[in-house]
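Whenever a hint applies, use it, and build me the whole structure from the sequences.
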Amino acid sequence: MKTLRIVSLALLAIFASCSSDNDETVTINELDGLTKIQEITNDTHVIELYSASGVLQQGHNAISLRIKNKTTNEYEKNATVSWAPLMHMMSMQHACPYSAVTKTSGKETLYNGYIVFQMAQNDTEYWSLKINYSINGTAYSVDETISVPASAKRRVTSFTGTDGTKYVLALIEPTSPKVAVNDIKMGVFKMENMMNFPIVNNYTVKIDPRMPSMGNHGSPNNVNLTQSTDLLYNGKLSLTMTGYWKINLQLLNSVNEVLKGEEITDTTTASSIYFEVEF
Amino acid sequence: MKKLIFHIILMLTSVILTAQEKDSLKTTSLNEVIVIGKKTELHQKQAKPLTSIDDYLQQSNKITMIKRGGYAWEPVINNMATERTLVTIEGMRIFGACTDKMDPITSYVEISNLSEANVTSGQQGTCHGATIGGAIDLKRNRSNFSETGWNGALHSGYETNGNYKIIGTAINYSKTKFYLDTDFMYRDADNYKAGNNEEVAFSQFRKFNISGTSGFQWDKNKLVEASIIYDKATDVGYPALPMDVSLAEALITSLKVEYKPVSKHFKNWETKLYYNAITHKMDDTKRPFVPIHMDMPGWSDTFGGYSKIIGTYKKHHFQANLNSFYNRSKAEMTMYPSDPNENLMFMYTWPDVRTFYTGLFLEDRYEFNCHTALHVNASIGNHNNEVASEFGLQSIQIFYPNVAKSTNRILKSTAASLAYTKNNFDYVFGLGYGERAPSVSEGYGFYLFNSFDRYDYIGNPHLKNEKSFEMNASFGYKNKKFSSKIAGSYFHISDYIVGKVNPDALPMTIGASGIKEYTALSYAEIFNLDVTAEYQLLNSLKWKNQLVYSLGNDNNKENLPFISPFRYTSTLAYKYNSFTAEFSVQGNAQQNQFAPKYGEDNTPGYAILNCNAGYIFRLEKTKLNARMGMENILDTKYSTFADWNNIPRRGRNVFLNVTFSL
Chain R
55 MKTLRIVSLA
65 LLAIFASCSS
75 DNDETVTINE
85 LDGLTKIQEI
95 TNDTHVIELY
105 SASGVLQQGH
115 NAISLRIKNK
125 TTNEYEKNAT
135 VSWAPLMHMM
145 SMQHACPYSA
155 VTKTSGKETL
165 YNGYIVFQMA
175 QNDTEYWSLK
185 INYSINGTAY
195 SVDETISVPA
205 SAKRRVTSFT
215 GTDGTKYVLA
225 LIEPTSPKVA
235 VNDIKMGVFK
245 MENMMNFPIV
255 NNYTVKIDPR
265 MPSMGNHGSP
275 NNVNLTQSTD
285 LLYNGKLSLT
295 MTGYWKINLQ
305 LLNSVNEVLK
315 GEEITDTTTA
325 SSIYFEVEF
Chain F
29 MKKLIFHIIL
39 MLTSVILTAQ
49 EKDSLKTTSL
59 NEVIVIGKKT
69 ELHQKQAKPL
79 TSIDDYLQQS
89 NKITMIKRGG
99 YAWEPVINNM
109 ATERTLVTIE
119 GMRIFGACTD
129 KMDPITSYVE
139 ISNLSEANVT
149 SGQQGTCHGA
159 TIGGAIDLKR
169 NRSNFSETGW
179 NGALHSGYET
189 NGNYKIIGTA
199 INYSKTKFYL
209 DTDFMYRDAD
219 NYKAGNNEEV
229 AFSQFRKFNI
239 SGTSGFQWDK
249 NKLVEASIIY
259 DKATDVGYPA
269 LPMDVSLAEA
279 LITSLKVEYK
289 PVSKHFKNWE
299 TKLYYNAITH
309 KMDDTKRPFV
319 PIHMDMPGWS
329 DTFGGYSKII
339 GTYKKHHFQA
349 NLNSFYNRSK
359 AEMTMYPSDP
369 NENLMFMYTW
379 PDVRTFYTGL
389 FLEDRYEFNC
399 HTALHVNASI
409 GNHNNEVASE
419 FGLQSIQIFY
429 PNVAKSTNRI
439 LKSTAASLAY
449 TKNNFDYVFG
459 LGYGERAPSV
469 SEGYGFYLFN
479 SFDRYDYIGN
489 PHLKNEKSFE
499 MNASFGYKNK
509 KFSSKIAGSY
519 FHISDYIVGK
529 VNPDALPMTI
539 GASGIKEYTA
549 LSYAEIFNLD
559 VTAEYQLLNS
569 LKWKNQLVYS
579 LGNDNNKENL
589 PFISPFRYTS
599 TLAYKYNSFT
609 AEFSVQGNAQ
619 QNQFAPKYGE
629 DNTPGYAILN
639 CNAGYIFRLE
649 KTKLNARMGM
659 ENILDTKYST
669 FADWNNIPRR
679 GRNVFLNVTF
689 SL
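Line order of the protein sequences matches chains R and F. The number in the numbering used here is simply the position in the first sequence, starting from 1, with 54 added. The number in the numbering used here is simply the position in the second sequence, starting from 1, with 28 added.
Hints were generated in silico from the structure; no laboratory data involved. Since the structure is predicted, the reported quantities are computational estimates derived from the model, not experimental observations. Hints may contain errors.
[Unchecked claim] What the simulated footprint calls covered on chain R by chain F, stretch by stretch (three residues with Cβ under 8 Å from a Cβ of chain F suffice, anywhere in the stretch; the number is not a length): (1) 241-251; (2) 265-272.
[Said to hold, decoys possible] Below, computed lysine-lysine pairings styled on BS3-like, alpha-carbon distance capped at 27 Å: (3) R:Lys-290 x F:Lys-193; (4) F:Lys-284 x F:Lys-260; (5) F:Lys-193 x F:Lys-288; (6) F:Lys-528 x F:Lys-193; (7) R:Lys-207 x R:Lys-232; (8) R:Lys-232 x F:Lys-309; (9) R:Lys-290 x F:Lys-433; (10) F:Lys-433 x R:Lys-232.
[To be verified] So the derived label-pair ranges between C-beta atoms look like this: (11) R:Asn-275 x F:Pro-289: 52 to 62 Å; (12) F:Leu-301 x R:Leu-85: 54 to 64 Å; (13) R:Asn-275 x F:Tyr-303: 50 to 60 Å.
Just so it is clear, CB atoms sit at the ideal spot from N, CA and C, and this is done for glycine as well.
Shown next, in the form of structure tokens:
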């Protein structure tokens, strides 16, 4: 009888402790798989920036954010958010391709989108990120320098096509490539002006993955990228072994004219536009 | 060519001239079954007692050997290589761990330890599993509870070509209730020289083999036997391949329980459990020009067992064998980029494939009378393949997106033959049908470079079973002085598995011509005809001849690869008391019917001369068998149709083999 009482007490204690943890579990779930990049503060709010890796880098970045009210210490659930990254160069300033910021589905306090930094910072040139948001009709804003170092492998390329237009191509997936047929996703943007980089429609990105360290061999059954309903470009990338792969690219417009990039032959071992994957 | 015609004419005349003589003489076949008493060792009867088992096996009309170097040749039965044949050691299934077939099962038994090599053609060989071409079962020496006590032998050999050294021992102990047989052999050879004194680089090898078998009889008709083989080869050169072998290691173990019922109908019931583990490591570090350094290790582990019962009922002699094995084959490839900061390039070339087979084999020989017998066998088996590695499965799915993790096949076979013997003549006619599953390489291989046709091969998990319909017939005659036999076999193989070029896929191996994916021809045909004739010229002088002719083509009448051209051996053997001597000529005709699609070229004909002589010195129980000989006397530079990438074979060689036994 005594033991039974002890057991039931112990069980109670366990359940009690579980329920008291509940609030925190929600918060933890909100940030599943995310690591904080940095906080940006103004008088009223703290904006927390998150990504899977916890850092930003040259190329495509999937970014999540939360807005914490400084007075209530609560996270804002009904904000309207937009952002504007800006590169501060010696001679000029320009933006980059980026998405709208939307409420993350299935989450309470998170907002997300992506930014494609087509160049990295250097000693004299840097990126800043301005975030505009409104809560219950009141507009707020923060603006802060962000750190965008060069990526170890090439994940973004910008060039002028044969049509005279400047394009930015960014590799979005695979983020963790495998020896398998991988889903490959890219963003294809054109530079309308220094501040606008809209997605181009109905183009094709041809891919030819190669291993330069091993006789530049390729892989079979790749599928070129075409535009999906999310406006990004999707295809299939076969990687037959681990190691360093160069994904040679060709950009074709909606009437299948090559705008940039070369086909790989015995003499042309690499295209002028490419991405790199190493695993 | 003239030489060849001359031989045929000689052969035929001898057949005709002696065909009238009557009387019976037992045909000496390759199978030598030794049962009781002190071992009359098989190797001691060979022209070169300590030769390799490969050299011994290719004396059979049914067998040729694909050679990639000086050691570990691949046996080919009825012009069919490893995938289509079945090689077992005392009924045990063993699978090589090398994706390039550098470790055939035959390399794990030493000739000094071999009592019998049971070569069966086509569907007669399905006792231990499915086969198309035939089977070889290697059996080791056994003291078998004879009252011989301790005895032993010391083997030593030397060959001038390649500075080839052989040393070995055999120590046996046998009593009525217990026996222990051990055998040890060490072989070490440098590069050999082809004809004209040309050294063949990377043809060296070094290996040792230990074998032990021990039996205990706890009851009059019940015995248990444990056996082990440990074979280790290091530093084996493969001049025909781009890589050598730094390690080929095999551990082969078994435990057998045998029951010899005194019952009227059942004669013998044996049950065996076995386990073997093969490790194979390829090595390119000693090669001068390596475009990229790589490691290619492979592993093959097999658990298995069988239970076999033999009996008689009235005029029936029957046998049943229930057998099963579980094999795990895995091979990897790791390539080292020249930039040390780059990640290693890794892939599974065999994606950890598990094969689970269970089959039942039934056989009956019915004797109508003393002249006529009908032999019938049938088998059915379930063959399951599973890709255990998720990494490996996803790799294969690059080529075949719908590959399932596991596939199941039912393999069936049946054969019947009718034998008739009367007045020195014997006739045999047989029919057979059999199926086989694709091998691990054919089903799941991933970028396996074939240095013969220089293509990277990709396995195809969707292959159908290969199906063979065969016909065979033989006609023999023997009397006191003469014996002769003509045997022919024809195989019609449907869904014949070969590699076919995929022009859209790029090769992986540097220097490869492209990708071949395993696929099936609608059918292929293989025809073999062999003639043996032996004539006792004098009491002490015997003349032995072998002629073999083969044809192989696919459904477009194009040649198949590795089909032997016309080949012949003619031997004069002299035996007087303890002295024996032999002189032989051995040759191949030109290989006109070659298969360029599979990397073959027109190999010229050749003929070589060999001689040897030996004497057995006896002093009470001790025996010294010394044998000396010269091979390729004229130092001819040649290569055969079965020499991988035309590597030349050994030039002139003088050997001395000495066995001292107590």
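Outcome of the hint check:
no., hint, in the structure
1, 241-251, "violated (count 0)"
2, 265-272, "holds (count 6)"
3, R:Lys-290 x F:Lys-193, "57 Å, violated"
4, F:Lys-284 x F:Lys-260, "24 Å, holds"
5, F:Lys-193 x F:Lys-288, "43 Å, violated"
6, F:Lys-528 x F:Lys-193, "43 Å, violated"
7, R:Lys-207 x R:Lys-232, "16 Å, holds"
8, R:Lys-232 x F:Lys-309, "26 Å, holds"
9, R:Lys-290 x F:Lys-433, "21 Å, holds"
10, F:Lys-433 x R:Lys-232, "18 Å, holds"
11, R:Asn-275 x F:Pro-289: 52 to 62 Å, "60 Å, holds"
12, F:Leu-301 x R:Leu-85: 54 to 64 Å, "56 Å, holds"
13, R:Asn-275 x F:Tyr-303: 50 to 60 Å, "39 Å, violated"
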